[in-house]
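Undergrad: Sequence lines, in order, name chains A and B. Quick note on my numbering: the first sequence kicks off at 281 and runs consecutively. Quick note on my numbering: the second sequence kicks off at 281 and runs consecutively.
Think of the hints as simulated: they come from the structure by calculation, not from any bench. Certain hints may be false.
Pairs count within a copy or across copies, as identical chains cannot be separated in the list.
Calculated lysine to aspartate or glutamate pairs in the DMTMM-like style (CA-CA distance at most 25 Å, straight line) [said to hold, decoys possible]: (1) Lys351 with Asp381; (2) Lys432 with Glu713; (3) Lys700 with Glu690; (4) Lys592 with Asp545; (5) Lys291 with Asp689; (6) Lys630 with Asp330; (7) Lys670 with Glu690; (8) Lys500 with Asp415; (9) Lys670 with Asp401; (10) Lys351 with Glu611; (11) Lys293 with Glu692; (12) Lys714 with Glu690; (13) Lys290 with Glu528; (14) Lys589 with Glu611; (15) Lys485 with Asp539; (16) Lys670 with Glu461; (17) Lys589 with Glu512; (18) Lys693 with Glu295; (19) Lys291 with Glu685; (20) Lys589 with Glu448; (21) Lys592 with Glu512; (22) Lys377 with Glu534.
There are 2 protein chains.
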Amino acid sequence: MPVPVSGFSKKSKQEKIEWLVHNYFNDNEDALITLKQYWNNNTRLQELHDDFTENTISNYYLPFGIAPNFKINGRMYTIPMVIEESSVIAAASNAAKFWLDRGGFNTEVISTIKNGQVHIDYFGNKELIFKFFADVKPALLVSISDIEKNMKVRGGGLLDIELIDTTEALPGYFQLHCTFETLDAMGANFINSCLEEIAITFEQKAASHPEFSKNSTTPKVVLSILSNYVPECMVRASVRCAVEELTENGTDGETFARDFVRAVDIARTEIRRAVTHNKGIMNGIDSVILATGNDFRAVEAGIHAFAAKEGKYTSLTQANVEDGIFTFSIEIPLALGTVGGLTGLHPLVKFALQLLHNPSAQELMGIAAVAGLAQNFAAIRSLVTTGIQKGHMKMHLMNILNQLEATSDEKEKAIQHFTKNTVSHIAAVNFIEKLRR
Amino acid sequence: MPVPVSGFSKKSKQEKIEWLVHNYFNDNEDALITLKQYWNNNTRLQELHDDFTENTISNYYLPFGIAPNFKINGRMYTIPMVIEESSVIAAASNAAKFWLDRGGFNTEVISTIKNGQVHIDYFGNKELIFKFFADVKPALLVSISDIEKNMKVRGGGLLDIELIDTTEALPGYFQLHCTFETLDAMGANFINSCLEEIAITFEQKAASHPEFSKNSTTPKVVLSILSNYVPECMVRASVRCAVEELTENGTDGETFARDFVRAVDIARTEIRRAVTHNKGIMNGIDSVILATGNDFRAVEAGIHAFAAKEGKYTSLTQANVEDGIFTFSIEIPLALGTVGGLTGLHPLVKFALQLLHNPSAQELMGIAAVAGLAQNFAAIRSLVTTGIQKGHMKMHLMNILNQLEATSDEKEKAIQHFTKNTVSHIAAVNFIEKLRR
Chain A
281 MPVPVSGFSK KSKQEKIEWL VHNYFNDNED ALITLKQYWN NNTRLQELHD
331 DFTENTISNY YLPFGIAPNF KINGRMYTIP MVIEESSVIA AASNAAKFWL
381 DRGGFNTEVI STIKNGQVHI DYFGNKELIF KFFADVKPAL LVSISDIEKN
431 MKVRGGGLLD IELIDTTEAL PGYFQLHCTF ETLDAMGANF INSCLEEIAI
481 TFEQKAASHP EFSKNSTTPK VVLSILSNYV PECMVRASVR CAVEELTENG
531 TDGETFARDF VRAVDIARTE IRRAVTHNKG IMNGIDSVIL ATGNDFRAVE
581 AGIHAFAAKE GKYTSLTQAN VEDGIFTFSI EIPLALGTVG GLTGLHPLVK
631 FALQLLHNPS AQELMGIAAV AGLAQNFAAI RSLVTTGIQK GHMKMHLMNI
681 LNQLEATSDE KEKAIQHFTK NTVSHIAAVN FIEKLRR
Chain B
281 MPVPVSGFSK KSKQEKIEWL VHNYFNDNED ALITLKQYWN NNTRLQELHD
331 DFTENTISNY YLPFGIAPNF KINGRMYTIP MVIEESSVIA AASNAAKFWL
381 DRGGFNTEVI STIKNGQVHI DYFGNKELIF KFFADVKPAL LVSISDIEKN
431 MKVRGGGLLD IELIDTTEAL PGYFQLHCTF ETLDAMGANF INSCLEEIAI
481 TFEQKAASHP EFSKNSTTPK VVLSILSNYV PECMVRASVR CAVEELTENG
531 TDGETFARDF VRAVDIARTE IRRAVTHNKG IMNGIDSVIL ATGNDFRAVE
581 AGIHAFAAKE GKYTSLTQAN VEDGIFTFSI EIPLALGTVG GLTGLHPLVK
631 FALQLLHNPS AQELMGIAAV AGLAQNFAAI RSLVTTGIQK GHMKMHLMNI
681 LNQLEATSDE KEKAIQHFTK NTVSHIAAVN FIEKLRR
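Only chain A is shown next, with the shape it has when bound in the complex (with noise of 0.2 Å):
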């Protein structure tokens, strides 16, 4: 049985290995190996990466992929996914061609504001911290004028503080709500150090105030940070044409549009549906998200919050049509970040930025806004269609084959073969099985 270890943090990452290997991989060579095999050639390089986190022992690979084909107000990009799970980017690529032909997408950004909290808990008299409030609001504000400076100088900053009384829904729950301007900057260092300080200003101010100690209910700071709720830092991407435009393979345009919008109706109705049919928008979404380098966790629980924000968790898309025009939505919170956190450090990052050409956070937001709409499209045609199985298995192919440790010559009969037949787990292991019988 593995033992504590302490001090563990202090090791080098050769020592931390080793202890890892000998505790829980009885000193396996393997285990070694395994990890080995993925470092860089380049130590400084590694080092590079090593240094992003904690501990780090390994780099652990997620495909790097492109999708290209998509117009954005006008302007041709090719997308950079960086995503594990197959057909996602096939599926974008699809939705990037076809909506290629019938306009593009359009981006719009209705607004840019982030927020942040100094949490407060305060059982005295209300008029009295109101009071005190705008007495010391202009301290705050010149309490952070040094963690400002820079983000001043650009444009951006704090915008205001407001005191809030929360307190039906919590006894003694005061906030002080302060919204912010980042820029290009995803901004949460900035918006938590800022936070912070307001804070230990506020309660400085607080101790000394002669009303609450008389009274001796001094307001307490509890916890001050950033929120990653952002519906006032929105986004809205979106595709339309007319019905007949959407005739394909087929179909015609205005069966296809009644069956697209009713799977989009069942996903504003059920959660059971809503939820799967947002978890594929996130799938376009976080691949820019992290080839990008930003945070995917802070962008995930700010959109599906925002999904329940009508009490009802729902579909984050919309489709309609009015006057034989057909449209289809989304509308989201995404604060994003080109400039600062990884977006200077990590190469590839970098790299995805400039195939990007360089876009501002708000220009980034319109993208990944896009890339969710595209995913979305996608999904919703082969679901009201062929069904997804098929396109699925089709692209999954090959993962099935390199489990099967399938030769080269093997994968290139199989996939002759399943152009064909229908691809399954188990087909696919009987073809196999056959060929090298």
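Let chain A serve as the given structure and place chain B on it in line with the hints.
TA: Same frame as chain A, but now just chain B:
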């Protein structure tokens, strides 16, 4: 301006890259070098990774790190974590160490049922479709016996099919709600294959059913797909200890427990806090999901929708003190696999599963939930004591130094300096600039 491309997916990897570098990088050699420096020397290994998805042109590195000292249900674990964000792995390790001395983590799988739906349009007499369903249900069950065969041998398979009237929410909308037990497989392909087969049989039987044609109201399948909303596939993880055992570094246990519980209560109350609170939980969970080859988009969607199930998005964790005992717990839906998908393909996934003592899917549910709970514990502990920026920026220091292309010598001096001084981006820049003068 880049031009559209035809037949892209048919091109070889080499041809795709040539097209990309020509059209988006002005044939700049550097772009090619950036992609190639991440290729693996082992051609066969590289091909394996290329085949995971489509149009792969390079490997995107995410750090593969480890967090030791997790005691879960009495057994020691070192948890593999794949994440690009600094301080997540350090926080997990700290929480593990903290609870190691206080009894460790406990987990409990509450249920393991997965689900999927065949979504149906039907505008006729309701009694008629329910009667029809009762008649054809045996045929629906039989229709998947081939697909189900292997799963049944192992003790899993389809559990039941129900016809549900959802017409109140959306006129004419019914569903075949199907439940499954997929054992150690995540089961997405299995469930989708079953559903598509059930849908075909249902539609065929309906088309030849005289009562429907007589009333010209034959039910029609809109789409069939699994659901990533899995509230019947639940796991719980928890820690508990006497309040006085929480005493540490000068903070007394009672104050800590009170502040901690208050912080969780705020996250239960305020959506802006809940989203970031849960985002931190997902930092831990997704790190394990990625390392073990599972699908984080599926997990994210299911969990966040679950967080909003009562009509208001809220905290996934709960904390309380009762009779002097502090309890902190999480209860989440998690549909995971330890066989199938990438688990048998990605060498580092195999490594991760081996490191975790080759867990069953149920055991992995517990481990992932523990990683989320540990992450949340560490985050709240920082937030209610020192704030998060101090620790986070210390962890982030190396990234800043790498961005400044600091030498080993400069790095050493900077680390020394910042053990006693507050890290900020500007402070690090100033320090290095001074050194270089």
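Undergrad: Evaluate each hint against the coordinates.
TA: Verification of the hints:
no., hint, result
1, Lys351 with Asp381, "within (9 Å within a copy, 57 Å between copies)"
2, Lys432 with Glu713, "between (67 Å within a copy, 22 Å between copies)"
3, Lys700 with Glu690, "within (16 Å within a copy, 62 Å between copies)"
4, Lys592 with Asp545, "both (14 Å within a copy, 22 Å between copies)"
5, Lys291 with Asp689, "between (47 Å within a copy, 19 Å between copies)"
6, Lys630 with Asp330, "both (18 Å within a copy, 21 Å between copies)"
7, Lys670 with Glu690, "within (21 Å within a copy, 56 Å between copies)"
8, Lys500 with Asp415, "within (17 Å within a copy, 66 Å between copies)"
9, Lys670 with Asp401, "between (57 Å within a copy, 23 Å between copies)"
10, Lys351 with Glu611, "within (19 Å within a copy, 43 Å between copies)"
11, Lys293 with Glu692, "between (42 Å within a copy, 16 Å between copies)"
12, Lys714 with Glu690, "within (11 Å within a copy, 62 Å between copies)"
13, Lys290 with Glu528, "between (62 Å within a copy, 21 Å between copies)"
14, Lys589 with Glu611, "both (13 Å within a copy, 22 Å between copies)"
15, Lys485 with Asp539, "between (62 Å within a copy, 21 Å between copies)"
16, Lys670 with Glu461, "between (46 Å within a copy, 23 Å between copies)"
17, Lys589 with Glu512, "both (13 Å within a copy, 23 Å between copies)"
18, Lys693 with Glu295, "between (47 Å within a copy, 23 Å between copies)"
19, Lys291 with Glu685, "between (38 Å within a copy, 24 Å between copies)"
20, Lys589 with Glu448, "both (19 Å within a copy, 22 Å between copies)"
21, Lys592 with Glu512, "both (20 Å within a copy, 19 Å between copies)"
22, Lys377 with Glu534, "within (20 Å within a copy, 62 Å between copies)"
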